[in-house]
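Visitor: The residues making up each chain are set out below.
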Amino acid sequence: MLFAFTAWLVWRESRAAEQAYADGLAATLGQRTEQIVVDARNLLAQFDRLPMPRCSPGHLQALKDAAISRPYIRSIGYWQADERQCDIGFLPQGLKPAHADRIYPNGVIAWWPGAQTQAGGVQLFVMRFGDHDVALDPRLLLDLGPIRDRQAVLWVENLRMAAVPWDADLPRADALPTGVTLDQARGRIVSHFARNEVLPIDVVASEPLANFWTRHMHLLALGSGLGLLLVVAWIGLVTRLSRRELSLAGELREALAAGQISVHYQPVIELATGRCVGAEALARWQRASGERVSPSVFIPAAEAAGMIQDVTVAVLRRAARDARDIRGEFPALSINLNLAADDLKNDRIGDELAHVLAAAQLPPETIKLEITERALVNSETSRALIRGFRTRGHQIAIDDFGTGYSSLSYLQSFELDVLKIDKSFVDAIGTEAATSQVIVHVIEMAKSLGLVTVAEGVETPAQVEWLLSHGVAFAQGFLFSKPLAADDFLRFLRFNKGHAIRAIR
Amino acid sequence: MRSVQYASFAKRCLPVAVLLLAACAAQRAPHAPARPHPAKDESAAPRASKGPAADKPRGTLTLPRDPDALAPAEVGYYMDVLLGRLRQLPGVDSMRRADQIIIGLSGRCDLAAGRARADADLHATLTALAQVLNEYRKTLVSLQAEPIAPAGPIDAAPARRCVFAAADALTSAGLSAKRIATIAPNDGKGAPPADVQPAAQVRLQLIVVPLR
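These protein sequences, in sequence, are chains L and G. Going by numbering that gives the first Met the number 0, the letters in the first sequence line up with residues 0 to 504, in that order. Going by numbering that gives the first Met the number 0, the letters in the second sequence line up with residues 0 to 211, in that order.
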């Protein structure tokens, strides 16, 4: 795929370069041709108006002066009808071609280069106006540079004006589409560019494909290099990601063993009183170097590596220790512990929970368990575990509700206590978004199931007003506090005790 | 109308005249015969009309070659450069038809007043034309009146006067009468067709042919 892309890229770029080259060539040749033809026409008109007697020294000098500054002029002649009277240049007899290619309405007559205008082995372009004519060497119109095997034909008014080499075998301009085409039968690339400003001018050029590729070898090399680079980069990226995943898991294992997984607490506020009634425990990982690893990175890595229960246990242990300290001062406070889907596959967490609480001498209601909607697996094991948690006195909250498409009947089949409304619904409060209507139904559904509601991600007082007016009892979010380290959380609680967050109302 | 006596085609013009008249006759209505312009040299006219060609079978015309005659290979160039030169003249609408040059003139004869003379513009054009044709002497010129539109029979008498007036203007400007032929419409003998063109719708046309 990468090589195919590279080949296409090289072809496209080479073709564009060829097109630009030929376009430039056509523009240059076109401009030069137009300039010479128009100049010749003006010269002839000027000769026609010369006041001195024809063939006098003054007249001949005027002709010489005109020719000497124009290297493409081979001859200028003065005629009476078909009899050459005098001239300057290399054609003393003049040319009398049998058939004019163009006789313009203004009286200018033109003979395009051909057998009938051949003199000294050169096919000349002849133009006559009135009693003077001028013969031009069209070979000077085509200069293709030192590119071997290149052929070109210059067409003016659809008549062949010049060619390199003179017998160049190229299609007629009017039989060829403009642009670059590939003539595979003859192994060449043919360019046709047209210009029509003063005169209709076409340039048809060709060169062997081999030359074309040779000329664009640098692009080929560049393309190949780019392709190779892309492949190497791709392999490197895949390898690095794999290693990183593996190393991250290993690092996490070490961090767990070293107790580097810490816990931050995001306060849960009772909206009616402004009092903090609990907090959600959130895992945090700070490397020894001080670098913080985002939960969005290490939690999925832990799940993928089968270490999520280790993380949950680590958080549980740390939360229990902190809760013991906090509850000494705030005895009604509870801590919410997040459980992953894997935590509900066996009773390890249940056992650890019982052990930790017993060791800390904490009542079961100290720890509430949050299970994401997606983690609610419809299996007997998870149902039994959830039932067991509740039996032991833990409240069960469904987290991030609204993101998992759970139906009311499905939720009813679990024994739940709290419904946490996802931040995306809270964000939509007061907007025209369709989700702003959904939150009303979510709240109603929670009420009908007898669940306590907690709004997540609250950021504005207006949201609080709205939530209160719709019967939502609790909330958490940056409006109240960001997640705090244990010490900071304790300070927050102390402050909150004296200054309940009433200002939000 | 002033009766101008022009020389008709001389012996040297005879071969071309025969071709010219035949070509022109084919273009004209059946009642419009081609004929030489009334010649000053009356003796030339009988020679033209009673030349050896008249008595010989077709294809046996043998006349000495005119020193001004164009060789077949020269005709193309000669007529090309003449056409280019004619196109430099204002009021002249010229086009090539094979080896002939057909010239339409924008001016018209002043026929409305019942006279037959070229108006000022036409006279100036004819003078300029004569100068060019004087230089390109290896040609013959036929003059004829042509309906502008729609094509059809034309009023013979004024048209004839117009043709002769134009010929008069050309000779006055120096063009040899020997090189001019007039192709007059119906000469007035017998009644003209009922659907004749008004005189004002008639214009002059010159046909220039190479002298071979």
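Derived by calculation from the structure, the hints in this document are not laboratory data. Values in this document were obtained by computation on a predicted structure and should not be read as measured data. Virtual Cβ for every residue (Gly too), placed ideally from N, Cα, C. Take these hints with a grain of salt, some might be off.
What the simulated footprint calls covered on chain L by chain G, stretch by stretch (three residues with Cβ under 8 Å from a Cβ of chain G suffice, anywhere in the stretch; the number is not a length) [as the list claims (entries may be wrong)]:
# : region
1 : 89-98
2 : 103-109
3 : 274-283
In silico negatives: residues of chain L with every beta carbon more than 10 Å from chain G [what the hints assert, rightly or not]:
# : residue
4 : 129
5 : 174
6 : 460
Visitor: Could you tell me which of the numbered hints above are not met by this structure, giving the numbers in increasing order?
Guide: 3 and 4
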